[in-house]
Amino acid sequence: MDEMKWEKLTDVYGRLEADVIKSYLEAEGVPVELFQESVGYSAFPTTIDGLGRVQLFVPKEKAKEARELFEAYQNSTYDSLNTEDT
Numbered sequence: 601m602d603e604m605k606w607e608k609l610t611d612v613y614g615r616l617e618a619d620v621i622k623s624y625l626e627a628e629g630v631p632v633e634l635f636q637e638s639v640g641y642s643a644f645p646t647t648i649d650g651l652g653r654v655q656l657f658v659p660k661e662k663a664k665e666a667r668e669l670f671e672a673y674q675n676s677t678y679d680s681l682n683t684e685d686t
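Each residue of the sequence shown is one higher than the one before, counting from 601 in my numbering.
The hints are simulated quantities; they were obtained by calculation from the structure and are not laboratory data.
Incorrect hints may have been included.
[Said to hold, decoys possible] With a straight-line Cα cutoff of 27 Å, these simulated DSS-like cross-link-like pairs (lysine-lysine) come out: (1) Lys660 with Lys608; (2) Lys605 with Lys660; (3) Lys664 with Lys608; (4) Lys664 with Lys605; (5) Lys662 with Lys608; (6) Lys662 with Lys605.
Turn these sequences into a full structure, and let the hints steer you where they fit.
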C-alpha cells in the first residue's frame, strides 16, 4: 500500500473560509485539497454541530511551508496583507 502523500493542515467551519485559505496557499505554490461532508455544502450551507467543517490537506513535502503560511494568515503578518503606508 502506498504511503499517505497528504497531511491535514487544519479544520475550519464554513466553505467560504476554506476557499479563502485554499486560494492564499495555492497563490504561494502550495496545493490544497478540501474535504467536507456533503450536507454542509449545499444550497443552504450549515455550520451546526460540525456539519460545515471543512478539512484542508496539503502535500506532506509542503506541510511545513503550509503551516508557516497558515500561521502568518492567522496572525495577519503576511506582507501582502500589510495595509500600512510606508
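Now the hints, each set against the structure:
1. With a CA separation close to 9 Å, the supplied pair Lys660 and Lys608 stays within the 27 Å bound.
2. The hinted pair formed by Lys605 and Lys660 meets the criterion: a straight-line CA distance of about 6 Å does not exceed 27 Å.
3. Annotation: proposed proximity of Lys664 to Lys608 holds, straight-line Cα distance about 11 Å (limit 27 Å).
4. For the hint linking Lys664 to Lys605, the alpha-carbon distance of about 14 Å falls within 27 Å, and the restraint holds.
5. A hinted pair counts as satisfied when its Cα atoms are at most 27 Å apart, and Lys662 with Lys608 qualifies at roughly 11 Å.
6. Among the hinted pairs, Lys662 with Lys605 is consistent with the structure: their alpha-carbon atoms are about 10 Å apart, no more than 27 Å.
In this structure, every one of the numbered hints holds.
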